[in-house]
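Engineer: Chain residues, written in single-letter form:
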Amino acid sequence: MEKENSNFKKADEFLQMFKRGEEFTKALLKDNEKLRYNIVQLEEQLQRAGNEERIKLFEERIAQLEQELSSYHERFREVEAENRDFALKYLEVEEENNNLANLYVASYQLHSTLDFSEVLRVVLEIVINLIGAREFTIFLIDEKTDNLLPVAAEGLETSSVPRVRIGQGTIGTVAREGESFFSENITEAKEVNLNEPIVCIPLKIKDHIIGVISIYTLLTQKAGFTNIDYELFNLLAGHAATAIYSSRLYTQSERKLTTLQSFLDLLKEKTVR
Amino acid sequence: MCNILIVEDSPTMRQLISFAVKRIRGASAIEANDGVDALKKLLSNKIDLILSDINMPVMDGIKLISLVRGNPAYKDIPIIVITTEGAEEDRRRAFAVGANAFIPKPIQTQELIKLANKLLEKSAGSSL
Ligand SMILES: [Mg+2]
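Protein chains in written order, with this note's numbering: chain Y, 1 to 273; chain S, 1001 to 1128.
Please keep in mind that the hints were generated in silico from the structure rather than gathered at the bench.
Cβ coordinates follow ideal geometry from the N, Cα and C atoms, glycine included.
One thing to keep in mind: the hints can contain errors.
What the hints assert, rightly or not - Simulated restraints, written as ranges between beta carbons of each label pair:
id	chain 1	residue 1	chain 2	residue 2	range
1	Y	Q168	S	G1026	53 to 59 Å
2	S	K1063	Y	L249	39 to 45 Å
3	Y	E269	S	A1073	56 to 62 Å
Said to hold, decoys possible - Okay, derived cross-link-like pairs now, BS3-like style, lysine-lysine, Cα gap no bigger than 27 Å in a straight line:
id	chain 1	residue 1	chain 2	residue 2
4	S	K1114	Y	K222
5	Y	K89	S	K1022
6	S	K1040	S	K1022
7	S	K1122	S	K1040
8	S	K1118	Y	K89
9	S	K1118	Y	K222
Stated by the list, open to error - Examples of chain S residues toward chain Y, derived with CB under 7 Å:
id	residue
10	S1010
11	T1012
12	L1016
13	F1019
14	P1106
15	T1109
With the hints as constraints, model all of the structure from the sequences given.
Structural biologist: In structure tokens form, the structure reads like this:
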């Protein structure tokens, strides 16, 4: 009986111990679980920290690249503007070249001959081909009568153009004052009106006026006058005047020389006889 | 290198066109006063392009173009005629005898250079 009792006691103790062991194991498992959880959390934290670090690096790189890109955009815009400037400059230089060529040709041709009718022909060509006039007249002053006489014309018969008194109408006024005349609506004139020229250019040697170029209509493709046209008008006013004047003097002196020569020949013949 | 023949009786126009032609890259200008003079220049030079006026003494542009087109040695040379405004009849006759293009007076240098380059390129392409 006693033995039985002691056996029960032992079993009870064992059970107690076992229970404690179970509790201990449970507690250990719980702790273990907690620790695992902590580890996972720590790992997550660590990873997040790494990601954030990397994101920060990426963001910095992006900002840097964006800055570079905007500086490239800026440079591109600058180069584009420079290109536009160069293109404009090129056009300007081209135009300047054309203008100089036109002026050179005009003055070269005007002084290329001493023949009066040749000079008139050159003036006509310049006004047609360089200025783009369709119908016009060249008048020269006849000092004996104070009249402007038509000496050459384009698009109309010279003989159909009446002479003009100095001071009379637009042409006569330009001949008296020596100032160029430009009508307000140069491109509107489609037909010749001899009393209403659209442009009148005095032919002047310094202050001495020798004639007038009177333009009535322009070629249809001529949309108006540009700088070069005004330069050409200036050139014509001076150079055409000297070319016309000197060729006329030369032609006259040539004629006189021929007359004198024939007189001399006649005299020689008489003295020989 | 190419030779451009300028056929014009007006010295002013001739000099002006010559200036424009000299600005075409690699081009030289050869000048003639009229159609007969042009034929002489064609005999003594290798011409790549002809720029011709219509109204000229001795031989006009129309006669010149038809003679050039009738000659196997010259028939493929591109020809640009230079006409005054309103000269539609001249233009029509020039095209009828074989002109390739026309340019009106007063001459716009850039326009002339562009047109000449175009025809020169085209004829260089077709002769390859
Ligand atoms: Mg002509």
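Engineer: Are the Cα atoms of K1118 (chain S) and K222 (chain Y) separated by 27 Å or less?
Structural biologist: holds (25 Å)
Engineer: Are S1010 (chain S) and chain Y close enough, Cβ to Cβ, to be under 7 Å, as the hint says?
Structural biologist: holds (5 Å)
Engineer: Tell me if the interface restraint on T1109 (chain S) is satisfied: Cβ within less than 7 Å of some Cβ in chain Y.
Structural biologist: Because about 5 Å separates T1109 (chain S) from the closest Cβ in chain Y, which is inside the 7 Å limit, the hint holds.
Engineer: Just to be careful: measuring from the Cβ of L1016 (chain S) to every Cβ in chain Y, is the smallest value less than 7 Å?
Structural biologist: holds (5 Å)
Engineer: Should the hint that Q168 (chain Y) and G1026 (chain S) are 53 to 59 Å apart at their CB atoms be regarded as holding?
Structural biologist: holds (56 Å)
Engineer: Given the hint that K1114 (chain S) pairs with K222 (chain Y), does the C-alpha gap stay at or below 27 Å?
Structural biologist: Judged against 27 Å, a Cα distance of about 20 Å means the pair holds.
Engineer: Please test the hint of 56 to 62 Å on the beta carbon pair from E269 (chain Y) and A1073 (chain S).
Structural biologist: holds (60 Å)
Engineer: Can P1106 (chain S) be said to touch chain Y, with a Cβ gap under 7 Å?
Structural biologist: Result: holds, 4 Å to nearest chain Y Cβ.
Engineer: Would you check the hint for K1122 (chain S) and K1040 (chain S), treating anything up to 27 Å between C-alpha atoms as holding?
Structural biologist: Roughly 25 Å between the alpha carbons, so the hint for K1122 (chain S) and K1040 (chain S) holds.
Engineer: Within a Cα-Cα threshold of 27 Å, do K1040 (chain S) and K1022 (chain S) meet the stated pairing?
Structural biologist: This hinted pair holds, its Cα atoms lying about 21 Å apart.
Engineer: The hint names F1019 (chain S) as touching chain Y; please verify it with the least Cβ-Cβ distance against 7 Å.
Structural biologist: holds (4 Å)
Engineer: Within 39 to 45 Å or not, the Cβ separation of K1063 (chain S) and L249 (chain Y)?
Structural biologist: holds (40 Å)
This entry satisfies every hint, going by the numbered hints stated previously.
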